[in-house]
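Visitor: Be aware that the sequence shown starts at 1, since it is given in full-length UniProt numbering, and climbs by one per residue.
Simulated from the structure, these hints should not be mistaken for lab results.
Note that the Cβ used here is the ideal one computed from N, Cα and C, for glycine as well.
Possibly wrong hints are sitting among the right ones.
[To be verified] Okay, the calculated beta carbon distance ranges per label pair: (1) 180 with 132: 20 to 30 angstroms; (2) 69 with 184: 56 to 66 angstroms; (3) 171 with 199: 21 to 31 angstroms; (4) 215 with 91: 19 to 29 angstroms.
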Amino acid sequence: MDDFDLGGPSEQDDEADVASTSDGELLKRAWRDEKAAPEILPYQEELLERVKEQVEFQEELIQDSQSDPNLETIVTLYKLDVDRIKFLMRSYLRTRLEKIEKHAIHIAGGDSVKRLSPKELNYLEKFCDMLDQYMDRAVLSELPATYNKLLHQYESEGKEPDMVPRPDLDTFVFARAKEHLGLIELDERGDENPVTITEGELFIIRYRLIRGFLENGQVELV
1 MDDFDLGGPS EQDDEADVAS TSDGELLKRA WRDEKAAPEI LPYQEELLER VKEQVEFQEE
61 LIQDSQSDPN LETIVTLYKL DVDRIKFLMR SYLRTRLEKI EKHAIHIAGG DSVKRLSPKE
121 LNYLEKFCDM LDQYMDRAVL SELPATYNKL LHQYESEGKE PDMVPRPDLD TFVFARAKEH
181 LGLIELDERG DENPVTITEG ELFIIRYRLI RGFLENGQVE LV
């Protein structure tokens, strides 16, 4: 997102433009990654806070400059830019909430819960409570004791939960290498020959096989 100075450019403003444009691109990348990944990704807290501050700053400048007819065109352009960034933020957060609702129990019971923001964690806890109450009242209370568990088809001590929706990590995704990755295994069992992925290359692969690269910022999803 481009910062601006309605009073004229300066060296400091040029530096701010570089930083804010970078944040805008980072937000766009985080949004694309979140939309394409089957699992919830780590919440980009610092990035979102910076972008929110930039949006608030630009909205104040727009408000202060609307009365100047000489700035009507540029103010309109910056309004469009602010609206675009706000759309990306809303879509990013909405996508994460959809994943939380879809895989609530899985997230609550595993390491993925560490990827949530404090507000998302609070939402997850309330959602799980409501889900548990609803299922118990509407379904589970009407079933025999051996079948009235939320996490199991049939209650068996020591059995892993088999009624918990999980993200499909074997989903195929499009990815772009941000650096040279070298040889990549296309099959966890090693049945297929590995391929060399170079910087900038676009490829399709099972998500599970590039999770680590995505986490380390070596690839981006498209």
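Visitor: Run every hint past the structure and note whether it holds.
Guide: Hint by hint, here is what the structure shows:
1. Range check, residue 180 to residue 132: about 48 angstroms between beta-carbon atoms, so the 20 to 30 angstroms window is missed.
2. Between residue 69 and residue 184 the C-beta distance comes to about 57 angstroms, which sits within the given range of 56 to 66 angstroms.
3. Separation of residue 171 from residue 199 is about 24 angstroms and conforms to the stated range, judged on CB atoms against 21 to 31 angstroms.
4. Checked against the hint of 19 to 29 angstroms, the C-beta distance between residue 215 and residue 91 comes to roughly 22 angstroms, which is consistent with it.
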